Amino acid sequence: MLSRTADNLYWIARYMERADTVARLLEVGSRISLLPSAQGYRSEWDSLLQATGMAHAFAQKYGDPVQRNIESFLFFDRDNPSSIASCITAARENGRIVRTALTTQVWDALNTAFQELKQLEREERSHLELSRLTDWTMRHAAMLRGAIDATLLRDDGFNFLNIGYYLERGDNTARLMDVKYYVLLPRIDFVGSGLDNYQWTTLLRAMGAQRAFHWAYGGDVTAMKIADFLIRNPQSPRSLATCTAGLMNHLGRLAKAYGRETEAQDKARRLAAGIESATVEAIFDEGLHEFLTRYIAEAATLAISIHDAYLSGEMR
Amino acid sequence: MSQFNEMFQGADVRPPYARLQDWVGQMPQELRSLKQAEAEALFRRIGITFAVYGEGGDPDRLIPFDMFPRVFSGSEWAKLERGIKQRARALNAFLVDVYGRGEIIRAGRIPARLVYQNEAYEKAVAGFVPPKGVYSHIVGVDIVRTGPDDFFVLEDNCRTPSGVSYMLESREIMMRMFPDLFRENRIEPVDTYSDKLRRTLSSVAPAKCKGDPTVVILTPGHFNSASYEHSLLADLMGVELVEGQDLFVDGEYAYMRTTEGPQRVDVIYRRIDDAYLDPLCFRPDSMLGIPGLMDVYRSGGVSICSAPGAGVADDKAVYTYVPDMVRFYLGEEPILQNVPTWQCGKPDDLGHVLDKLPELVVKEVHGSGGYGMLVGPKATKDEIERFRAKLIEDPGNYIAQPTLALSTVPTFVEEGVAPRHVDLRPYCLVGERIELVPGGLTRVALKEGSLVVNSSQGGGVKDTWVLAE
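Residue numbers (this note's numbering), protein chains in the order written: chain P, 1 to 316; chain W, 1001 to 1469.
Simulated from the structure, these hints should not be mistaken for laboratory data. Quick caveat, the model's predicted, so the values are computed rather than measured. The beta carbon of each residue, even a glycine, is placed where N, CA and C say it ideally should be. Hints may contain errors.
Said to hold, decoys possible - Sample of chain W residues at the chain P side, in silico, Cβ under 8 Å:
| no. | residue |
| --- | --- |
| 1 | L1241 |
| 2 | D1246 |
| 3 | T1259 |
With the hints as constraints, model all of the structure from the sequences given.
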């Protein structure tokens, strides 16, 4: 497969997954902001922007984090490369370039999302409820994922799509959990309080994992249990354990198909081993924020290795 | 001017169209509208659209598709086929000759200036003979008709003629919408084109290629107006669609960048101009292209289709001499005639052209796509005078032809069915063998009375049938 084709497939997945996450972030944000604020005028929306690494860009363009501006910035703003509109457009453009590597269903899923997005952009903003926008985004992300799973040939292109998905999803799970860190940072005495638990529950809800969590753990929602669920539990579809296992699996399939191991396989194994061997106690000893930051950085170097080995076409 | 309607002879329906008479007669208006909408939806769904240069507007514009087919009998086609293949052979012989000893020029049959001072003449390939002696692997011959037995070649396209995707998709759509028509008429298939193209390209693998050659299509990218066609052909042939950045040269060979490392490329079907092939050879200022590609090409490490330099054969001034080429290289009389052409660069011809400007069609020698041309009988006095000034300023840049009474084919229009002017572009494949699928692209001028069929000027397309005898 052409490196450029693999690159396009990989970015289709990354962009769609990112759009999905931004929608979930918006949901977390709007729910948390419905709580009585603990931090005076400083809005929780700000923490959300901090966690996504988009706070600086937002402040430059809009100044204070007003909810309506944040919605615009995260959903519609083409100047923000991580906005849902930018992600869906980029995913569709990547898809258009590799049309022949996609099935009709996969292309339809991408193209329909793009065409409907153009409709949404024409609608009066006051008619657009935030929940409608976030539901819409998650629905289209799921439709694309379903079309890929149901119709695509299980060849190397399929592996590159999945590598894109798992890398992006792991990164996003880590960032979503980190939102909690930023929200709680100023008032450590809230830890373990009713408010704290409510915020954790909101996080679970945003990940569509609230019920799954209760089935898997039962009892009270605690930070430890949630960290275990979102980091270490291989049953959780968005956990770091699931994402790193997925990366190992699809990179392993590539190594087998091509008859060649690269640095990427090695790094993926180490990343997965780090998740597997970390106990929840160890994670909280290190500090959840520090642990997540380390994961994000290591996943980023894995992404560079994947690029060098397969997507750049420079490997001789 | 009497016009030949291909469906009729006097009041009688000509045999190839016999069954279409009933078909169109029995089609209620509602069904027609329904089918037309269905056709448009199908075209849009498969994404076959066309960007029109310099017009702005919708880049995903559809070329209008007319459902009324254009039909050739088997014997009509047999003659066309012989004529087209003959022409393709002569054009290739000419190219090998002018990049070699130049016998036709030594013999005084073509002026040296027309060839060697032609912008399309590539000095970089002088003395090089491509594999199998083929420069132009896909020859698109544009043909018009003025009577039952009168066919004229309007121009040759030896570089990268486009439009074959419309031939393929029009047929797919017609078969899907009107299966009964295909049961009632014995229509030769055209979907063998991609297999034949692949075979043609493989047959001109370079000398250094051992084993099964790797073929790729080189596209300028997904913003190009013909990008759909490039990806369709790549898909049908099962070959990679590459851009310049995907290719590189290392030592004696060209490679594409793949996820498994470099993979050697043997045959490049390029859909980009010569100038963008290799910045080291053609345009040092260009960021596009594959540095070093021409060296690999000239040393037999890779084949490029069409071969760099093929353009010198399809120039409109050289066109005048194609019948001479047929006689000179093949020792045969041309089966297909040229349209009589005046070269405005010649003083006598120019005088005649200036006298008769309102009756003539004048074209730029290097123009294409129906841009920058004058159709005398359709032009206003003002337009003619403005064109006259341009002509006098740079006569060598123009040729002129009589306005032909192009044949018409019944076409669905607002008020029902009416005759509209058509032309034909078949695609002749030249490799180890010369092949032609029975069919081609029929373009139709949808405006009443219009003679310009170019899609960029409001033309549409029709499915083209060749009946089995």
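Interface hint outcome for T1259(W) [beta carbon to chain P under 8 Å]: 4 Å, holds
Taking the least C-beta to C-beta distance, is D1246(W) closer than 8 Å to chain P? 5 Å, holds
Can we keep the L1241(W) interface hint, with Cβ of chain P closer than 8 Å? Hint on L1241(W): holds, closest Cβ of chain P at ~7 Å, below 8 Å.
Of the numbered hints given earlier, the model fails none.
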